[in-house]
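K.L.:
For reference, the chains in residue letters:
Number of protein chains: 2
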Amino acid sequence: MAKEPKTLEDLFHNTLKDVYFAEKKILTALPQMAKATQNADLEAAFEKHRRETEGQVARLEKVFAAIDKKAQGKTCPAINGLVEEGGEIIEEFKGSPALDAGLLAAAQAVEHYEIARYGALIAWGEELGLDGAVSLLEATLEEEKATDKTLTKLAEGVVNQEAEQEEAA
Amino acid sequence: MAKEPKTLEDLFHNTLKDVYFAEKKILTALPQMAKATQNADLEAAFEKHRRETEGQVARLEKVFAAIDKKAQGKTCPAINGLVEEGGEIIEEFKGSPALDAGLLAAAQAVEHYEIARYGALIAWGEELGLDGAVSLLEATLEEEKATDKTLTKLAEGVVNQEAEQEEAA
Chain D
3 MAKEPKTLED
13 LFHNTLKDVY
23 FAEKKILTAL
33 PQMAKATQNA
43 DLEAAFEKHR
53 RETEGQVARL
63 EKVFAAIDKK
73 AQGKTCPAIN
83 GLVEEGGEII
93 EEFKGSPALD
103 AGLLAAAQAV
113 EHYEIARYGA
123 LIAWGEELGL
133 DGAVSLLEAT
143 LEEEKATDKT
153 LTKLAEGVVN
163 QEAEQEEAA
Chain B
3 MAKEPKTLED
13 LFHNTLKDVY
23 FAEKKILTAL
33 PQMAKATQNA
43 DLEAAFEKHR
53 RETEGQVARL
63 EKVFAAIDKK
73 AQGKTCPAIN
83 GLVEEGGEII
93 EEFKGSPALD
103 AGLLAAAQAV
113 EHYEIARYGA
123 LIAWGEELGL
133 DGAVSLLEAT
143 LEEEKATDKT
153 LTKLAEGVVN
163 QEAEQEEAA
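In the order they appear, the protein sequences are chains D and B. Taking the numbering used here, the leading residue of the first sequence gets 3, the next gets one more, and so forth. Taking the numbering used here, the leading residue of the second sequence gets 3, the next gets one more, and so forth.
One chain only, chain D, in its complex shape (with noise of 0.2 Å):
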């Protein structure tokens, strides 16, 4: 059987199904590292963080049936990879006072992934008309630059008065 040369459509199906299995990974990562994390701020962030995940999922799906796929995941291992840095993290800096910075940086890493993979599939959308899709993408990728945001300003805090602790040990 002969393959069918694969287009642009296809790529942004494939690439769909990463982000869909990446989502529903990061919110299993997230409850994990509000647990983890020492700070009520960052807590908080990654709590708020985890209710918008499931509205990305929520809009990952409508952009599926925009397209007529099934929603589907495919395993990235991308995102496993940066999920399993965070879990390093959390075991190697469990009570110390780099753990916030650490989970942090390793949260920022996730977002820096989403923004990338959001960024592609919104170019993608935007030649193949696809302007529903590209919409509910659009909205997401806010998020996402948000959330990168807002971490970066609580790295600032959470550096800071940590390395004031230190001294201060």
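Incorrect hints may appear among the rest.
If several chains are the same, the list does not tell them apart, and a pair holds so long as it fits within one copy or across any two.
To be verified - Straight line, CA to CA, 30 Å or less: simulated BS3-like cross-link-like pairs of lysine-lysine: (1) 155 <-> 76; (2) 76 <-> 27; (3) 8 <-> 155; (4) 147 <-> 76; (5) 50 <-> 26; (6) 155 <-> 96; (7) 71 <-> 96; (8) 64 <-> 19.
Think of the hints as simulated: they come from the structure by calculation, not from any bench. Since the model is a prediction, treat every value here as computed from it, not as a measurement.
Given the coordinates of chain D, work out where chain B should sit on it, guided by the hints.
P.N.:
Frame of chain D; chain B shown alone:
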């Protein structure tokens, strides 16, 4: 033996080892991506970034020296996953008009990961007063951001061109 509490210095060193591993992994992946692409501009961009990455590895070795540590990598599951995804695109989209768009997106996901990691290292380095290390890390961060911009521009051209090829086919 009681474990020493881990500090921001430990987190900096830990993440430096992670990024050192990542840059070396990227050095092996870029020639494969350059070989796979059908686009001469993209091939040149991957080649150029490979040469830059060699310089970035050398800079990281200077950062290790600046904190009196041996240059040493630590397995980074995130970069392994990101590079694996690039490999999947090469395999699944070989000979397809969408291959280059997929390669570009995979490369941008790697750049975003690096931008997140260098951003964290710079913030921690500033807090720790590691001025020399921070300058080196900032030089690399600027290169990564410039590469990301180059890839975005190339992506716009590649995606348009490939969509037109599909229409003409």
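K.L.:
Indicate, hint by hint, whether the structure satisfies it.
P.N.:
Tested hints:
no. : hint       : in the structure
1   : 155 <-> 76 : between (33 Å within a copy, 28 Å between copies)
2   : 76 <-> 27  : both (11 Å within a copy, 24 Å between copies)
3   : 8 <-> 155  : between (42 Å within a copy, 23 Å between copies)
4   : 147 <-> 76 : both (24 Å within a copy, 29 Å between copies)
5   : 50 <-> 26  : within (15 Å within a copy, 36 Å between copies)
6   : 155 <-> 96 : within (22 Å within a copy, 42 Å between copies)
7   : 71 <-> 96  : between (43 Å within a copy, 23 Å between copies)
8   : 64 <-> 19  : within (13 Å within a copy, 41 Å between copies)
When each numbered hint is compared with the structure, no violation occurs for any of them.
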